[in-house]
Amino acid sequence: MKKVIYGNHAVSWGVKLARAEVISAYPITPQTQVVEELSEMCASGELDARYIMVESEHSAMAACIGAAATGARAFTATSSQGLALMHELLHWAAGARHPIVMADINRAMGPGWNIWTEQTDSLAQRDTGWIQLYCETNQEVLDTTIMSFRLAEQVNLPVMVVLDAFYLSHTAEPVEIPDASLVDAFLPKRQAKLKLDPADPRSFNALVRPDDYMEMRHSLQQAMREARTAFDEVEEAWEQSFGRRYGAVEAYHIDDADLVLVVSGTMVSTARHVIDQRRAAGERVGLVKLKMFRPFPTETLRAALAGVDKVAVLDRNLSPGRGGIFAEEIRAALYDVPPDDRPQLFGYVLGLGGRDIRPDTIESVIDRTRATDAPQREDLWVGLNA
Amino acid sequence: MSELRLEARDIPVSRMSTLVNKTGSWKYIRPVYHDRIAPCNQGCPVGIDIEGYLNLLREDRLDEALDLLLRENPMPAITGRVCDHPCETACNRRELDGAVGIHAVERVLGDLALERPVEASAVRHTEQVAVVGSGPAGLACAYHLNRLGYAVTVFEASPAAGGMLRLGIPEYRLPRPVLDRQIERLRQAGIDFVCNVRVGVDLQWSVLSWFDAVFIGTGAHLPKPLGLAGEDNPAVRQGLDFLEEVNGGGRPEVGRTVIVIGGGNTAMDCARSARRLGADVTVMYRRTRAEMPAILDEIADAEREGVRLEFLASPVAFGDDSEGVVDVVFERMILGEPDASGRRAPVPTGERFEHAVDLVLLATGENASLEWLPPEVKVGRGSIPVDRLGATGAGKYYSGGDVAGHDRTVAHALGAGKRAAIGIDRQLRALRGDAIPNAATPAELDALRLGPEGNLSIARWRREDPVRRVSPLDEVVGPEQLNLTHFEPAERHRDHKPNGRTAQTFDEVNLGLTSAEALAEAKRCFNCGVCNECELCLIYCPDVAIRRGTDGNRFEIDLDYCKGCGVCAEECPRGAISMTREGL
Chain X
1 MKKVIYGNHA
11 VSWGVKLARA
21 EVISAYPITP
31 QTQVVEELSE
41 MCASGELDAR
51 YIMVESEHSA
61 MAACIGAAAT
71 GARAFTATSS
81 QGLALMHELL
91 HWAAGARHPI
101 VMADINRAMG
111 PGWNIWTEQT
121 DSLAQRDTGW
131 IQLYCETNQE
141 VLDTTIMSFR
151 LAEQVNLPVM
161 VVLDAFYLSH
171 TAEPVEIPDA
181 SLVDAFLPKR
191 QAKLKLDPAD
201 PRSFNALVRP
211 DDYMEMRHSL
221 QQAMREARTA
231 FDEVEEAWEQ
241 SFGRRYGAVE
251 AYHIDDADLV
261 LVVSGTMVST
271 ARHVIDQRRA
281 AGERVGLVKL
291 KMFRPFPTET
301 LRAALAGVDK
311 VAVLDRNLSP
321 GRGGIFAEEI
331 RAALYDVPPD
341 DRPQLFGYVL
351 GLGGRDIRPD
361 TIESVIDRTR
371 ATDAPQREDL
381 WVGLNA
Chain E
1 MSELRLEARD
11 IPVSRMSTLV
21 NKTGSWKYIR
31 PVYHDRIAPC
41 NQGCPVGIDI
51 EGYLNLLRED
61 RLDEALDLLL
71 RENPMPAITG
81 RVCDHPCETA
91 CNRRELDGAV
101 GIHAVERVLG
111 DLALERPVEA
121 SAVRHTEQVA
131 VVGSGPAGLA
141 CAYHLNRLGY
151 AVTVFEASPA
161 AGGMLRLGIP
171 EYRLPRPVLD
181 RQIERLRQAG
191 IDFVCNVRVG
201 VDLQWSVLSW
211 FDAVFIGTGA
221 HLPKPLGLAG
231 EDNPAVRQGL
241 DFLEEVNGGG
251 RPEVGRTVIV
261 IGGGNTAMDC
271 ARSARRLGAD
281 VTVMYRRTRA
291 EMPAILDEIA
301 DAEREGVRLE
311 FLASPVAFGD
321 DSEGVVDVVF
331 ERMILGEPDA
341 SGRRAPVPTG
351 ERFEHAVDLV
361 LLATGENASL
371 EWLPPEVKVG
381 RGSIPVDRLG
391 ATGAGKYYSG
401 GDVAGHDRTV
411 AHALGAGKRA
421 AIGIDRQLRA
431 LRGDAIPNAA
441 TPAELDALRL
451 GPEGNLSIAR
461 WRREDPVRRV
471 SPLDEVVGPE
481 QLNLTHFEPA
491 ERHRDHKPNG
501 RTAQTFDEVN
511 LGLTSAEALA
521 EAKRCFNCGV
531 CNECELCLIY
541 CPDVAIRRGT
551 DGNRFEIDLD
561 YCKGCGVCAE
571 ECPRGAISMT
581 REGL
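From first to last, the protein sequence lines are chains X and E. According to the numbering used here, the residues represented by the first sequence are 1 to 386, in order. According to the numbering used here, the residues represented by the second sequence are 1 to 584, in order.
Just chain E, same shape as in the assembly:
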């Protein structure tokens, strides 16, 4: 068109290119791309690169997402069902419209992973490792050592592997086919399982002397007596003992009315299991709902199934009634000052009342299984003390999980098993003659951490992190470093979907997300702290000084023209750009 007639004499246009004007000389601060740590990654006790696999899902790279998840977590199908997901508590998306439903996404990925073999190690070492106890800590330690190329034998006292996963967690939360398939997957990877053997009783520790390292993951399942009168009444049962029976297929008589004492996940499991056996169930907890340690969804499910909760009541004595009924005497409590756990402590009021029931289930905690340990292993206050890498200090003995005093969740046990696998690998490599300092330095461990308070990454330990990091910083990104205006609101998928049946069966209660829902949920991730090449910096740079990178760099900044305005860092939605002083 005739617009082409417009000439430089009609409007002011420079004759020369403005490239001669190097505006970069004006700056005193400059932008630098730094990948930081997403808060979910630091919040995960397992130490999974959650942001990383969600980003791969965003790019529809499902196989790579699964691979990244499985590098750190041996059993996402299980954690995707039973983990209390502190990752979501840490998620920055809370500030916008609800945390990303990481837990539910993990379950969908976990179910896919069940059908895939464990990736075989490229090398096979001659050293052999024994793992005593097949709970989540032991299984994680075995899995990671297997992937590192070690021969691993797992010893289990029960008839089947799984530890607390099998004995403590009801089927309606963790269907046995999922657990069995998970164990089978580990067996197919070459891990040996020896069940029905109590090491220290049926088999002397000395027999294990030909193993190059031994991991002790015997858990915590010993009763913790309350020391109350009448506790020996046969109608007063240990909750865990009751769960073991039910989870093993037993259907014990529970009578008409059951009281469960406690406020944690074991209490919820006992209450809901007893409900399924036909009882009218009340959970008595000495603090209030706000202090209950149980997973919120479990509490909600229990109430939906008809379990009653009663608060601020602590048992004082169990009386015997003539007709086989237990008279439980409670004392009314009030909340006082916070205790060591940070929660407000129950304080007795002197007021007493009674409930007469057919069965009492005690779910007030268990003691670590410290009997029959090898003599060299020292026991601290109720647990085996270990260092960051699970070393007990007694030569080849490592430990982790409930028995080692770690937080009593599946996720913490998986994280502890992984740390011990790193510790064992480190020790065996040192013995093999690799140039490794005797003791792991703080700097060495810091380099493996996912954030200052995060767990260790075994991908980093193996130096084969598949995600390319751009000059990573050991900093966790908080909401104040994000630019939320760049994110569209997207409602969180409802990820806890009860199956609709009443509490009559042991079928899995939570239906979870469909694959399509999980993929959509994954795309809600902000990718906090990690550049996902959204190109907003490139669009916003007023000097057109940012361009797509070469040599694998995502972006390059032309410092001849970047005048240090900071718009890119301000606009970056995810806090992946920082401004640094010129010359530093």
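This is chain X alone, in the form it adopts within the complex:
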């Protein structure tokens, strides 16, 4: 069945098909439609889940943690300041190894108060222990939401499904709605081994002394490592049932490319369009789409970029005092590539606060990269007003 739905409602449909058992959220633009639709699904009975109203995002995540601790499949969604308010509990969810799935609709952090898209909110939660998956289309949003529950429960880590405000959240696209029975086969009911059980009560997450804490952090790191391969397995299973896969990293026209763009989110679609045109004109240019940010797909990315002359990383995000966050991570990933194979990396900061990234924006990045012999020390800001 195909439906024309918003990116936000693609999340809702994914959660419904995943048969989430507990949903708790606090509304914030541009996330509101996600939970509005879910609350109606709960009210009508088409989704048999407990919908818990709360007074803040902090409480929403706390409710999801409580639910997940009892073995329930829990979901929430938020944006920007709401995600920032959850910060403490994001650490908790990951440290306690709760397989919670959350949608984050990328929205710029205020001030200036801004509701439009930017990736800084989710990237600022980089070190909390959440898997992060960025989406390009509404179909990818729906598919990723369902796959995330399976991935989360397989490695006992929370997953953040990330999508652009408005360009995706409030844009309607045709979406194939998977058959519910096939989804049930792909994603059976959650089976938690360690959970709160009144019949056998245990203390969870109490004080841990230096003798044990590091081992637990090591286990978390191992789980993240495992998540990298588990993601491919989950996508493999998804493709077998539904015929679609996305890849932690997707390479597009890079085989003979001397210049490759690294992009994420909805700007990938714009960049594909530009690449198609440049290819038609005979230019050797390609792109790499970064879907997975945590765990960072270092090996896959290195394999894709090694031997390319120039790599331009487009960052719709900012770590003030350093620059684009993706560019920084990719520089680190390429550091020990042998110098002969190591590409030059050009960083560009653009599209902050929802500023449009148009085909000519990307053209200018390509042209600028071609025209420059060596990367500048700091990432270049594209399209700043004079």
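Treat the hints with care, since some could be wrong.
[Said to hold, decoys possible] Partner residues are not named here, just some residues of chain E that face chain X (Cβ under 7 Å, in silico):
| id | residue |
| --- | --- |
| 1 | Leu6 |
| 2 | Asp10 |
| 3 | Pro12 |
| 4 | Ser14 |
| 5 | Ser17 |
| 6 | Thr18 |
| 7 | Leu222 |
| 8 | Leu226 |
| 9 | Val544 |
[Unchecked claim] Have a look at the derived ranges for each label pair, beta carbon to beta carbon:
| id | chain 1 | residue 1 | chain 2 | residue 2 | range |
| --- | --- | --- | --- | --- | --- |
| 10 | E | Glu303 | X | His58 | 53 to 61 Å |
| 11 | E | Ser25 | X | Asp200 | 18 to 26 Å |
| 12 | X | Gly45 | E | Leu62 | 21 to 29 Å |
| 13 | E | Asn553 | X | Ala237 | 46 to 54 Å |
| 14 | E | Val20 | X | Arg126 | 37 to 45 Å |
| 15 | E | Arg124 | X | Asp48 | 53 to 61 Å |
| 16 | X | Leu196 | E | Asn553 | 23 to 31 Å |
| 17 | X | Gly45 | E | Glu59 | 18 to 26 Å |
| 18 | X | Asp48 | E | Ala520 | 22 to 30 Å |
[Said to hold, decoys possible] Here are the simulated DSSO-like pairs of lysine-lysine, each with C-alpha atoms no more than 30 Å apart in a straight line:
| id | chain 1 | residue 1 | chain 2 | residue 2 |
| --- | --- | --- | --- | --- |
| 19 | X | Lys195 | E | Lys563 |
| 20 | X | Lys195 | E | Lys27 |
| 21 | E | Lys22 | X | Lys195 |
| 22 | E | Lys396 | E | Lys378 |
| 23 | E | Lys563 | E | Lys523 |
| 24 | E | Lys563 | E | Lys27 |
| 25 | E | Lys378 | E | Lys224 |
| 26 | X | Lys193 | E | Lys563 |
| 27 | E | Lys563 | E | Lys22 |
| 28 | X | Lys2 | X | Lys189 |
| 29 | X | Lys193 | E | Lys22 |
| 30 | X | Lys3 | X | Lys189 |
Because the hints were derived from the structure by calculation, they are not lab data. Just so we're clear, the structure is a prediction, and the values are computed from it rather than from any experiment. Cβ atoms here follow ideal geometry from the backbone N, Cα and C, with glycine treated the same way.
Please build the complex by placing chain E on the supplied structure of chain X, with the hints as guidance.
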């Protein structure tokens, strides 16, 4: 899935069960389940367990709901139509979105009850009781004594039983088939009715001497003269006299214009009846709308039917006009300080004005029917003084209702008749040799009350309350003891639905609720003060120390782990849990 690989070394999990940690040792206060009294129950002059039967309706236990209602109220089909429902005034749901429409629900149940026989008593006593007067007080006394197993004979001066229900209340408010069916139901239960007999006139009181107890419920229907010039004009009629004629099927000539003097239910009944006989009707009341004692819906219906209301006018004299028209002289009043009734009193201004009309109906109150009483029964100020259980102090004579000075509503009369039935049963059991103290102690009566100001429960007197109470407390639950956040708003059903016709017929005006609407309305009840097993306490307890009970207890609290946080009592939507000091 591979989640099963997660081990206790990956996250901090205790090796041992936490049951060893008895958090209950921390507490200094603890929760206790106590059923309290819902304010509607205390507010009901009949003394009905309203919350109880609404709760049974909520659980779709219709038969048991009817049974609970009929244990206290002999005639819900009638009170469901004519009661001024103080229960709804007391209802805590007012604080959210409007009182529960108890009155309309009762009517639907009452109509169902008309088709059911009165539950027969398991025992038959040899003692016999006479009831003099077949108004609501007498009928209630007869009904309850019949259910207790006594033989009861009701004496009525009029040709048909019903008292003020038949003589005073118009058909458009209380259709006669409903009243007749109600009386018939009592007759079928074995109560004897002897009509057309005025005890004290046609039959000497001494003839009743072979009855073991006598209840006097002769009501209040004697004219209360205003003492004004021209009051003897034939075009100046007692309102009750007029109503008796109309309610008996008479259709007296009322002329073109009618003035009704008064602001109570009798005034509304007179005005609306005269309107149905074709007159242009004005009600003259000496205070203002806010002080009118009439039921609000009656006032609204009267105005909708074209009755005019004029305020702050008191009659001074009735003049004779040459063409058979009465010139009524009024004096303009203003409102002064509150009087004994708590309402602001009318104060004359000296300003006079006249209305010329064809008929004046006086509805300014009636005197109790105290003539022809047995000599032993003492009369106080305008009524027969009685104690809490209706005893007059004169041996076997009991009394209740209008004649005994109780509030003049059907509900108060039903409540007084019930109290007297308890009093008579108590006295006869004492005479029979049951171990009962001579006089009812305050503690004994308190144990029967539905709240500190409530009427007595005959179910409690009979010790066969079908509702299981968990350590009940004699406290009425106010809105401050509820947790309203747990209740969904649900609009009250519109329960006063005029039939749409103009004031031309004596057909019943209010169409009432359908059964489905009544059931939905019943489910708006909060069940104030009474645990209805909503399980919120169980869900909210942070220590998982509450569980479903065994041995008939609804819930049990594991005091080994309850640390006395009070969350259950705070979250309980209906105030059925209280926190008490540890060790008390």
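Consistency of the hints with the structure:
1. Taking 7 Å as the C-beta cut-off, the interface hint given for E:Leu6 holds, the closest approach to chain X being about 5 Å.
2. Against a cut-off of 7 Å between C-beta atoms, the interface hint on E:Asp10 holds, since the closest Cβ of chain X lies about 4 Å away.
3. For E:Pro12, the interface hint holds, the least distance from its beta-carbon to any beta-carbon of chain X being 5 Å, beneath 7 Å.
4. This hint holds: E:Ser14 has a C-beta 4 Å from the nearest C-beta of chain X, less than the 7 Å allowed.
5. Evaluation of the E:Ser17 hint against chain X yields a held restraint, the C-beta minimum of about 6 Å falling below 7 Å.
6. At a threshold of 7 Å, the smallest CB-CB gap from E:Thr18 to chain X is about 5 Å, leaving the interface hint in force.
7. The interface hint given for E:Leu222 is broken, as the beta carbon of that residue sits about 62 Å from the closest beta carbon of chain X, more than 7 Å.
8. Annotation: E:Leu226 was flagged as interfacial toward chain X, and the flag is violated, the nearest CB pair being 63 Å apart, outside 7 Å.
9. Using the Cβ-Cβ criterion of 7 Å, the hint placing E:Val544 at the interface with chain X is satisfied: the shortest such distance is roughly 5 Å.
10. E:Glu303 and X:His58 have their C-beta atoms about 56 Å apart, which keeps the hinted 53 to 61 Å range intact.
11. Taking 18 to 26 Å as the suggested C-beta distance range, the pair E:Ser25 and X:Asp200 conforms, at roughly 22 Å.
12. For X:Gly45 and E:Leu62, the hinted distance range of 21 to 29 Å is satisfied, since their beta carbons lie about 27 Å from each other.
13. Between E:Asn553 and X:Ala237 the CB atoms are about 50 Å apart, so this pair conforms to the stated range of 46 to 54 Å.
14. Distance hint check for E:Val20 and X:Arg126: the Cβ-Cβ separation is about 41 Å, which falls inside the suggested range of 37 to 45 Å.
15. Between E:Arg124 and X:Asp48 the CB atoms are about 57 Å apart, so this pair conforms to the stated range of 53 to 61 Å.
16. Between X:Leu196 and E:Asn553 the C-beta distance comes to about 26 Å, which sits within the given range of 23 to 31 Å.
17. At roughly 22 Å, the beta carbons of X:Gly45 and E:Glu59 sit within the given window of 18 to 26 Å.
18. A beta carbon spacing of about 25 Å between X:Asp48 and E:Ala520 agrees with the range 22 to 30 Å that was offered as a hint.
19. In summary, the hint linking X:Lys195 to E:Lys563 is supported, as the alpha carbons are separated by about 23 Å, within the 30 Å threshold.
20. A hinted pair counts as satisfied when its Cα atoms are at most 30 Å apart, and X:Lys195 with E:Lys27 qualifies at roughly 27 Å.
21. For the suggested pair E:Lys22 and X:Lys195, the alpha carbons sit about 21 Å apart, so the restraint of at most 30 Å is met.
22. For the suggested pair E:Lys396 and E:Lys378, the alpha carbons sit about 13 Å apart, so the restraint of at most 30 Å is met.
23. Of the pairs offered as hints, the one joining E:Lys563 and E:Lys523 is violated, with about 34 Å between alpha carbons and a cut-off of 30 Å exceeded.
24. Taking the CA atoms of E:Lys563 and E:Lys27, the gap is about 5 Å. The hint holds against a cut of 30 Å.
25. This hinted pair checks out: E:Lys378 and E:Lys224 have alpha carbons roughly 21 Å apart, not beyond 30 Å.
26. A C-alpha spacing of about 28 Å is found between X:Lys193 and E:Lys563, which places the hinted pair at or below 30 Å, so the restraint holds.
27. The suggested pairing of E:Lys563 with E:Lys22 holds, with an alpha-carbon distance near 9 Å, which does not exceed 30 Å.
28. About 25 Å separates the Cα atoms of X:Lys2 and X:Lys189, which keeps this hinted pair within 30 Å; it holds.
29. Using a Cα cut-off of 30 Å, the hinted pair X:Lys193 and E:Lys22 holds, with the two alpha carbons roughly 25 Å apart.
30. A C-alpha spacing of about 26 Å is found between X:Lys3 and X:Lys189, which places the hinted pair at or below 30 Å, so the restraint holds.
Checked against the numbered hints given earlier, the structure breaks hints 7, 8, 23 and satisfies all the rest.
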